[in-house]
Every structure is written in structure tokens, then in C-alpha cells.
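K.L.:
Okay, here's what each chain looks like letter by letter:
2 protein chains.
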Amino acid sequence: MIPVPSDKALVPFVSVDDMMQLIHHIGVEPMLLGLAEYIEADFRRWELFDKTPRIASHSAEGVIELMPTSDGEVYGFKYVNGHPKNTREGLQTVTAFGLLAEVATGYPVLLSEMTMLTAMRTAATSAMVAKHLAPRGARVMAMIGNGAQAEFQTLAMKAVCGIDTVRLYDIDPAATAKCARNLTGRGLDIIACESPEEAIEGAQIVTTCTADKQYATILTDNMVGPGIHINAIGGDCPGKTELAPAVLQRSTIFVEFPPQTRIEGEIQQLAPDHPVTELWQVISGTAPGRTAPEQITLFDSVGFAIEDFSALRYVRDRLPGTGYYHDLDLLADPDDPRDLFGMLLRADPG
Amino acid sequence: MIPVPSDKALVPFVSVDDMMQLIHHIGVEPMLLGLAEYIEADFRRWELFDKTPRIASHSAEGVIELMPTSDGEVYGFKYVNGHPKNTREGLQTVTAFGLLAEVATGYPVLLSEMTMLTAMRTAATSAMVAKHLAPRGARVMAMIGNGAQAEFQTLAMKAVCGIDTVRLYDIDPAATAKCARNLTGRGLDIIACESPEEAIEGAQIVTTCTADKQYATILTDNMVGPGIHINAIGGDCPGKTELAPAVLQRSTIFVEFPPQTRIEGEIQQLAPDHPVTELWQVISGTAPGRTAPEQITLFDSVGFAIEDFSALRYVRDRLPGTGYYHDLDLLADPDDPRDLFGMLLRADPG
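Those protein sequence lines, which keep their order, are chains V and Z.
Under the working numbering, the first residue of the first sequence is numbered 30, with each subsequent residue one higher.
Under the working numbering, the first residue of the second sequence is numbered 30, with each subsequent residue one higher.
No lab work stands behind these hints, which were simulated from the structure alone.
Among the clues, some could well be false.
Pairs count within a copy or across copies, as identical chains cannot be separated in the list.
[Said to hold, decoys possible] Here are the simulated lysine to aspartate or glutamate pairs, EDC-like style, with alpha carbons at most 20 Å apart:
hint	residue 1	residue 2
1	Lys114	Asp365
2	Lys114	Asp364
3	Lys114	Glu102
4	Lys80	Glu131
5	Lys37	Glu90
6	Lys114	Glu131
7	Lys160	Glu66
8	Lys37	Glu118
9	Lys37	Asp356
10	Lys160	Glu307
11	Lys37	Asp358
12	Lys160	Glu58
13	Lys37	Asp364
14	Lys80	Glu307
Isolated chain V, as found in the complex (with noise of 0.2 Å):
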């Protein structure tokens, strides 16, 4: 006889399939307006947080990185890849899957998948940033790289901010097109652009995010006029950026925790000591965020442990009732704890 696990050693877990239906359930833009919250919440208690920068494990390849984080009550964690060259061999560039745990007994609570969440807390970081550094009425964003990420980008965009419009640029045509269609019937003009140039003409908002792992230059200085905010998304590890330098020099820059985004966001071009703010200061109303109409505001993304955490909590909140999680036999629960072996052994089959 085996013996049934206890509630104890039962650990919800949502797999792909399952986030997919709780992203629909909640509604895609209800639920990225609803991250954002738990986001800006986040950013907001920011010091409480146990900040640790990632865990890198590189290769050739790629690397490999564990994103631990905790608030004293709750400690949650992500892991994450970022191979570029999956992608010619019909894989993700970017999986990931987190945990969140009690820190009081260490038991984990909920295990879920985060490639899909992960996109969308990345969305909703944008978002939530764009809300408050943007021009006062921005209205349209270029969206500079089509790839995985870009229908976020812009729906989260929609959501916090009111965009009403999206200007496509892809160096691959397809890729336009691909996000196009995706777009298509969500309440937005969508308009395809064959430059970067195009792309931003008009723009309010320019949402950068490329994926090759190299020093390009998505936008250069002479493109980048006055009065605009910068969200780059994809400058986000060592040796991967997306903005000329003398772009970097004529903008104030927000960043998310500033010994991560030294080493791997669009400042790693920059003096280890130029002067950046850090967006929780911003948001918790102790630094300033824009302070002039024409001012050049470049929010330097790279994606940090916190963002997850307030994902994975976001989750965790909205997933009681659903249905769409199932419980993994993940922690051994003796009814002694003392006696591991003795649960072992109540497992023989024979």
C-alpha cells in the first residue's frame, strides 16, 4: 500500500498550459495591469527586500542564472536561461520556472512555470515604469524588434499607460507581420514601419527589444529626439546592448538595482560611476522621475529577482478557486520527521 502524501508535502504547481488558461481567465490586459500593481507595490517596500544579483553559470553558449529574492515572509526564486542560438535549432531563447517559499519552515508553496509570466512581468515592469517617467499624454511607441516579446510590450503599454498606437520595426519583415496579426482586433492602430527611423516618427514611448547577444546599435544618436521616453529591454546581459553611447549620455537613466544593471544593461558602455536613479526612489516618491517635457527619460531593463517574486505572488493570489494548477508530490512528509526511512519503508511494494 502507498501511503497518500499529506497536504504538507503537496506543492501547487502551474504548468504552461495552466498559466496560459489563468492569463485568459483573468483577461491579458486585466492581468498585466494587475502585475504592474504588485510590481509597483514591490518597488515601493523595495528596501525590505533581500537584493542579491543573480547567479550566473555562463558557457559559450549561453548562461544559465538562479534570481533568489525574499521580503522576511516570503523568499521566491527564478531560474532562467538566455541562449540566443536556440532559436536556430527551434528553441526558446528564454525559458524559466520559479518558486515561491515560506521563509518561516522553508517549504515551498507554489512551483509554475515562468517563460509565458516572465514575459508578462516583463511587460508589466515597462508598463508600470513608462506610467510614471513617459511624457504627460504619450499616445503612440515604436516597437523596435518583433520577436517574443513585443505584443506584451505594447498591450502593457495599453493597459497602464493609454497607448493608442504602435509603430512595428523588425529588421525581419516577418517578424512585423507576425506581431501585427497578433495585434490585430485589441483596440490599437497598428502601423508597420521598414526603419527604425519610421518606427519612431511621432513616437512618445520607444520600446527597444532585439535579441542578438552583441554590441548593436538599435538607435542612434541622431534618431532620438527630444521629449521622448526610452524603455530598452534588450540590453539585458554582458556584451549585449541596443543604444549608441551618445544616446545613453543625453538621457537620465532609471534603473532597476544599479550593481546588476552596471554589469549587463545598456550602461555596461558607460563610466562604472555615471549617475543613474534607482527606480524604487522614484516610485516611493524620494527621487525625482521626469522633471522637464523635452527630457530624454531612458528606463535601462534587465529584469531583476523582485519583479518575479511580485509575479509569482500575483499568482498565488489569483489562483485559489481556478483550477488551473495541479499538486506535485514534491516534499517527503513523514508522520514522524524523524523517521524518513521508516516512510521508505511503508513505500515497499513488495
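Once you've looked at the hints, dock chain Z against the given chain V.
P.N.:
Below, chain Z without anything else, positioned relative to chain V:
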């Protein structure tokens, strides 16, 4: 219509019940032997591994740790907590799970419970080390602390080192009774003792494995005679030790990874430059192990990521064909990697 995930999206998951069935399928002692061989093989190629001390998140109640490593082809990590107070609430002090991934793609290839597996690998490591360090012809082990690890430790020493007698002692006689009962019928002479002094009479191997998170003195100086091997399992985090400093001073000390052991092991009681020998050097033949019969050898065991890696590798190799796993839909795998949003759209039930 909900698309079926492709093979690439699925990760084999070994639940606690799967693990227990796998252990019985292989046999407890044969699996301990197999694990010891895998761990020994990885100690031999120690220099190949990416070695990072574990990443710990400490709280008043305990610790949550991530233990990553990589041999350049395969990446692994373990999540493990240590919460001594948990037993009072009927929870395990230590629970764990682990993962293996391909370095070349970053894709996970195995997710496994590791509460059972950690008990097995800790015991297999102890026995593999004792095989190298214990006095020749050792047949008697004293097992001090008869909690969750005791039976695993005992059976590993039987399978790997050939002990035929175990002398049990615990401050709680009920724990000793439980341990004696669980070990009955496995070809060992089992002697329940009423004091640690009685337990170590005639023992060539002394294993200490008690659970209090404090400086305790399980072995005092006058208890320890010449010509024994001490396998110290319980001193494995800052502030938790089991041996009197004088015992350490008289012993030749062997450790897994000095930077970690100096913080977590028995040797946190000694000067930071107290000489220790790295086990991988003994096992690969570049440093001496036991050099005299009257010597006291001490394995100051704290557990290292490479041992978990070896254990996961063993499980992965033994899993095919057994059916003791099921596939988890953990990774998003769109047909077109750039079309993650399209994958989400196609999963819309409405």
C-alpha cells in the same frame, strides 16, 4: 483547442513517491553503492566543476539555500531548507528538490524531489569517504543521533564499507528504538546503547548526526580514543557543531570544499588557517588519506553541490524504462520561438 506541448517543453519529474519506488526497484543498498560510485567519480574530476559556495537566505527560523554547480555539459542545482524548529510542527527540518539542465541549451532535463535523495546521497558520500579513511577492517560503527539520517548512514556504511555492527545512541530512546526497528532484518548486529560512551565502545567508525541548531558537544575529548574515523554529519551550518574543539585538534581533518566548510562545518571552531585536506585530492591520489592505524581521521561533512549533482545524474541515468516519473509541462515551446504571444492566443479557450 489546446495545443499539446512538444517533447522539448516536457521535463521528467520524479515525485517523492516515484523516488521511493525507484529506491525499492533498485534496492536500498545497491542504490547507495551506485550513488557512492557516481559521487566518487565526480570527486575524481573535481577540478572540472564550477564551484560556488551555496547561496543562503538566512532568517530567524532557518535558512533556504540554492546550491548550483556545473561540469560544463550539465548544470544542476538543489533547493534546500534547514529549519530545526520545523519538527515541533510536524514538518521536516530539511526538504529539498533539484534540477539538471543542459548547459548547451539551458533547457531543464530533470526535476526531482531531493528530500529522500539527499538522505541517500549524504549517506553515500559518508560511506565513500569512510572507505578511503576508516581503519582497515572496520566492522563496527557507532551511530550517535538516531534521527532521519541514521538508517541511511548505517546502510551505506554496510553496503560500501562492509560494517556488520551498529551501536545506536540518541538522547531520546524512542529515536533509538525507531532506528533499531527500521534496521532489523538487514544483516546487521544492532546494539541500542544508553550513553554515547557506551555507543563508541569498540567502534572504528563514529558517525554523529544530531539536529540541534546550536554549539553542542556530542563527542568530548576523553571519549575519543586513537584509531577511529569520525564521520561528523550534524555540524553543517553556522553556529551548529557537535565535536569538542580538542577532538578536532587531535584529528586529521578532511573536507569537501574549504571555503564552505570553514563557515558551516565543525572547523568553524578552529582558526581560519587550520590545516585541512580536500577530499577530492585523497580520492584522486594527490594527497594522503589515513597514514597510520592510530590516527584519528575526521570527515567534517557539510554537503556540497557536486554530491547533489552526482545523485541527480545517477537518477537520470537509472530512470529510463522504469516509469517512475511523469512529464511536466514546465517550458513554453511555441512552434516559432519568436511567437510566444501567438502560442498564448492559440490556447484561448474562448
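K.L.:
If a hint holds in the structure, say so; if it does not, say that too.
P.N.:
Here's how the hints hold up against the structure:
Only between protomers do Lys114 and Asp365 lie at most 20 Å apart by alpha-carbon distance; the minimum there is 14 Å, versus 49 Å within a single protomer. Only between protomers do Lys114 and Asp364 lie at most 20 Å apart by alpha-carbon distance; the minimum there is 16 Å, versus 48 Å within a single protomer. For a Cα distance limit of 20 Å, the shortest separation of Lys114 from Glu102 across copies, 16 Å, qualifies, whereas the shortest one inside one copy, 38 Å, does not. In this homomeric assembly, Lys80 and Glu131 come within 20 Å of each other (Cα to Cα) only inside a single copy, at 17 Å, whereas the closest approach across copies is 27 Å.
Proximity of Lys37 and Glu90 under a CA criterion of 20 Å is satisfied inter-copy only: 18 Å between copies versus 39 Å inside one chain copy. For the homomeric pair Lys114 and Glu131, the shortest alpha-carbon distance between copies (14 Å) is at most 20 Å, but the shortest distance inside one copy (37 Å) is not. In this assembly of identical chains, the alpha carbons of Lys160 and Glu66 lie at most 20 Å apart only when taken from the same copy (11 Å versus 57 Å across copies). Taking identical chains as interchangeable, the C-alpha atoms of Lys37 and Glu118 lie at most 20 Å apart only when they sit on different chains, with a minimum of 11 Å there against 40 Å within one chain.
In this assembly of identical chains, Lys37 and Asp356 lie within 20 Å of each other by CA distance solely inside one copy; the values are 11 Å within and 22 Å between copies. Taking the closest pair of Cα atoms, Lys160 and Glu307 come within 20 Å of each other only inside a single copy of the chain (15 Å); across copies the shortest separation is 55 Å, beyond that limit. When the C-alpha separation of Lys37 and Asp358 is checked against a cutoff of 20 Å, the pair qualifies only within one copy, where the shortest distance is 9 Å, while the shortest distance between copies is 23 Å. When the C-alpha separation of Lys160 and Glu58 is checked against a cutoff of 20 Å, the pair qualifies only within one copy, where the shortest distance is 15 Å, while the shortest distance between copies is 61 Å.
Taking CA atoms no more than 20 Å apart as the test, Lys37 paired with Asp364 passes inside one copy only; the shortest distance there is 11 Å, against 37 Å between copies. Taking the shortest Cα distances, Lys80 and Glu307 sit within 20 Å of each other inside one copy (14 Å), while across copies they are farther apart (32 Å).
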